[in-house]
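Given chain A's structure and the hints, the job is docking chain B with the ligands onto it.
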Amino acid sequence: MRSLKNHVSLIIPLFAILFAVEFYFVINAIIKDYESRLNRDYSIVVVANKELTLQEIKVHEPDIAQLQELNSTLVIERLKKNGIKVDFNELKNFLPKFYKVYLSSFPSSQKLASLRNKLVEIEGVKRVEAFTKVHEKIYRFLLFLKNISKLFLAIIFITSVMLVFKQIEIWNLEHSERMYIMALFGAPLWMRNAILIKLSVIDTIVSTLLVYLLYSYVVGSGYLTKLLGVESIGFTSSDLFKDALWLFALGLIISVFNVIIVSMRQPKVA
Amino acid sequence: MAKNVIVAKDLYLEYKKNTPIIKDSTFSIKSGSFVFITGPSGSGKSTLLKSFYGELKPQQGVLQIGGVSLNDIKPSKLAFLRKYLGIIFQDYKLIKEWTVKKNVMLPLLIAGYSKNVCETQTARLLKHVRLSGKENYYPMELSGGEQQRVAMARALAHNPVIILADEPTGNLDEYSSRVIWGLLEGANEQLGTTVVVVTHSIPSNLKVPYKHFYIEDGKVYEIS
Ligand SMILES: Nc1ncnc2c1ncn2[C@@H]1O[C@H](COP(=O)(O)OP(=O)(O)O)[C@@H](O)[C@H]1O
Ligand SMILES: [Mg+2]
Chain A
1 MRSLKNHVSL IIPLFAILFA VEFYFVINAI IKDYESRLNR DYSIVVVANK ELTLQEIKVH
61 EPDIAQLQEL NSTLVIERLK KNGIKVDFNE LKNFLPKFYK VYLSSFPSSQ KLASLRNKLV
121 EIEGVKRVEA FTKVHEKIYR FLLFLKNISK LFLAIIFITS VMLVFKQIEI WNLEHSERMY
181 IMALFGAPLW MRNAILIKLS VIDTIVSTLL VYLLYSYVVG SGYLTKLLGV ESIGFTSSDL
241 FKDALWLFAL GLIISVFNVI IVSMRQPKVA
Chain B
1001 MAKNVIVAKD LYLEYKKNTP IIKDSTFSIK SGSFVFITGP SGSGKSTLLK SFYGELKPQQ
1061 GVLQIGGVSL NDIKPSKLAF LRKYLGIIFQ DYKLIKEWTV KKNVMLPLLI AGYSKNVCET
1121 QTARLLKHVR LSGKENYYPM ELSGGEQQRV AMARALAHNP VIILADEPTG NLDEYSSRVI
1181 WGLLEGANEQ LGTTVVVVTH SIPSNLKVPY KHFYIEDGKV YEIS
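If you read the protein sequences in the order shown, they are chains A and B.
Residues 1 to 270 in the numbering used here are what the first sequence spells out, letter by letter.
Residues 1001 to 1224 in the numbering used here are what the second sequence spells out, letter by letter.
Next up, chain A with everything else stripped away, as it sits in the complex:
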């Protein structure tokens, strides 16, 4: 019973650390996936009366990744469909060139506005039409979560490491007599600490497993896809498995590091 309580008091802080780290990983993966999805949901069309090259407009806006010339009749059809108010007769008369512009990342509405201003300045550009199908609310929410999770991670990390340290100190006291006797017979430091390291490894395995199972459940249940209103979240169980290995390594480093610190703080017997 006593030893169970001892295990729990190391498993809880380790679990908290690993949970927070994994939370950060998951949010990051979702944001990345979401961004790539959003990329397909905006459109910038540049109307110009002369030929434009990518190099030429990249000078004005380095975030432009690609420039695609469009067939003008197709463009007009499309603009009509999207309900953009353009003078179609004027367009036909001048037979200008149409370009679709792709950016390297998903633009915010401010970014889009400033981009439009920049593009209009370019010589030969007559018009710029830009619109997004705005998922911005969810996107902003994800970014908010990402920032919160950073803070959350920092707080949990510090308090949990302190708790891990405390628990290992308690273990050290509990086992100090045994470690002292071993030292009297010439046992090296690693041998005296072997018991604490063993306990740490066991608890790290348990904590990692708990985090893994919890996230497996959440990811597998489809709760997140429903919450975000998307068909998949770009985070699979194989990602989770890979993360679990990292989490195990991290947990091990934290606890073993603490064992070493605690044993060095101990009043020297040997």
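It should be emphasised that the hints constitute simulated quantities derived from the structure, not laboratory data.
One thing to keep in mind: the hints can contain errors.
Think about it this way: if two alpha-carbon atoms lie no more than 20 Å apart in a straight line, the pair counts; the simulated SDA-like pairs of lysine to any residue are [said to hold, decoys possible]: (1) A:5 / B:1097; (2) A:5 / A:245; (3) B:1074 / A:198; (4) B:1003 / B:1191; (5) B:1093 / B:1170; (6) B:1093 / A:188; (7) A:198 / B:1098; (8) B:1096 / A:137; (9) B:1009 / B:1219; (10) B:1074 / A:190; (11) B:1134 / B:1123; (12) B:1050 / A:224; (13) A:137 / A:155.
In this text the structure is predicted, and so the values were computed from the model without any measurement.
Just chain B with the ligands now, with coordinates in the frame of chain A:
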């Protein structure tokens, strides 16, 4: 002429500043000898023994064990040195979470012997201390005399060069005392182990020749 295994010159030991427990003491102990240390209670017998196994460092003077100075010994060197010692404490100092067998095995595990060697050596020693059949008991399940016999087996397990014993038969039953004295004599006689025993009364029926050190007012005297 046998070599000196323990050499002390103007040895000075204290726990608190300016309260010497041992002072101005010069003596040496020859390899293979059997030495008794006696003296009034509180005279510093245990303190002197502690300095021999490096738990208390001399503040002044010289103390060497097996030619190694203990004055400013590094922890790793001390651990190395301790592998050659077999220590018996008045309060046994058995590891209470471990069985009798594992306790006896401790010095063998530290020395890195194979499992096979550990097992046979431990079984042999437990037979010597008349504890065969109690391998899987925990220290708490044994009498004081039995616990001290486990400690005796542990001290002998790795064939130490020096045995340091602090009142090993202090308040033991007749039978356990006899077993322990017999084994200490045996180690000295047959293996040439140096034996240093702190005691308040030297057994009268000892078969081996011995030296006698006496501590009084912080000074160590060799009286025979
Ligand atoms: N850890 C310690 N800290 C301070 N004083 C101690 C400590 N251990 C022993 N002493 C003191 O040292 C003196 C000698 O103790 P000890 O060596 O145990 O005597 P003996 O073994 O001869 O009976 C005693 O006065 C005792 O109070
Ligand atoms: Mg004493």
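Exercise for the section: List in ascending order the numbers of the hints, as given earlier, that are violated by the structure. Expected result: 2, 3, 8, 12 and 13
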